[in-house]
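Using the sequences and the hints, build the whole thing.
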Amino acid sequence: GQQVMQIPQYQHVQEGEDFTTYCNSSTTLSNIQWYKQRPGGHPVFLIQLVKSGEVKKQKRLTFQFGEAKKNSSLHITATQTTDVGTYFCAGRGAQKLVFGQGTRLTINP
Amino acid sequence: GAVVSQHPSRVICKSGTSVKIECRSLDFQATTMFWYRQFPKQSLMLMATSNEGSKATYEQGVEKDKFLINHASLTLSTLTVTSAHPEDSSFYICSARRGGLNSNQPQHFGDGTRLSIL
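First to last, the protein sequences are chains A and B. Mapping of the first sequence onto the numbering used here: residues 535 to 643, in sequence order. Mapping of the second sequence onto the numbering used here: residues 250 to 367, in sequence order.
Taking lysine-lysine pairs in the DSBU-like style, the calculated list, with each CA pair at most 30 Å apart, reads:
hint : chain 1 : residue 1 : chain 2 : residue 2
1    : B       : 290       : A       : 593
2    : A       : 593       : A       : 570
3    : B       : 313       : A       : 630
4    : A       : 630       : B       : 269
5    : B       : 263       : B       : 290
6    : B       : 313       : B       : 290
7    : B       : 290       : B       : 315
8    : B       : 269       : A       : 570
9    : A       : 590       : A       : 604
10   : B       : 304       : A       : 630
11   : A       : 630       : B       : 290
12   : B       : 263       : B       : 304
13   : B       : 290       : A       : 570
Treat the hints as calculated values from the structure; they're not laboratory data. Since we're looking at a predicted model, the values are computed, not measured.
Structural data, given as structure tokens:
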């Protein structure tokens, strides 16, 4: 079945450093969504990418969808302590949305 | 908009008890609702997908007689963990989405229910 792999599993950075998490699907996706889950909280929808090669920005966050629509990345520039949490990608194949394992970001102030 | 309320937030009960968890979409009609289980520091494991007015679709390995799902209206879905045992202890989280099975709308999550079975 469809699998979505996300790396790294953990990332610890100094405040101000950049951060990137990568997502790879075993199958071509119709779209990919990104969610953020703060410690003790629930996942919150960040963005959806649909087009091949699409790039979207939200302030310091840059989201990319690969040309083959099988991979995606989230890049955070100059991290802040408020960026702490687990970032999940979720790829939509034929019908189902499959979540990656998530990347847990911790930040040293 | 797109607020999802999940209740209760925490349940502690004895083994053998049945526990009912409610998931409500407060400001939109949720044609489709999802139930997930999340183990500590792990990803979301989809348990079942429910569409209003029809039977839930369970993922492989999830016992439908153990985890009863009812999606009686466009704003309410319930998950009942029947005769719960310690191995059922987990964080259960629901999400709701506008549109049917093929919808690309984002999912909006409830706050989750932490279930502890003694």
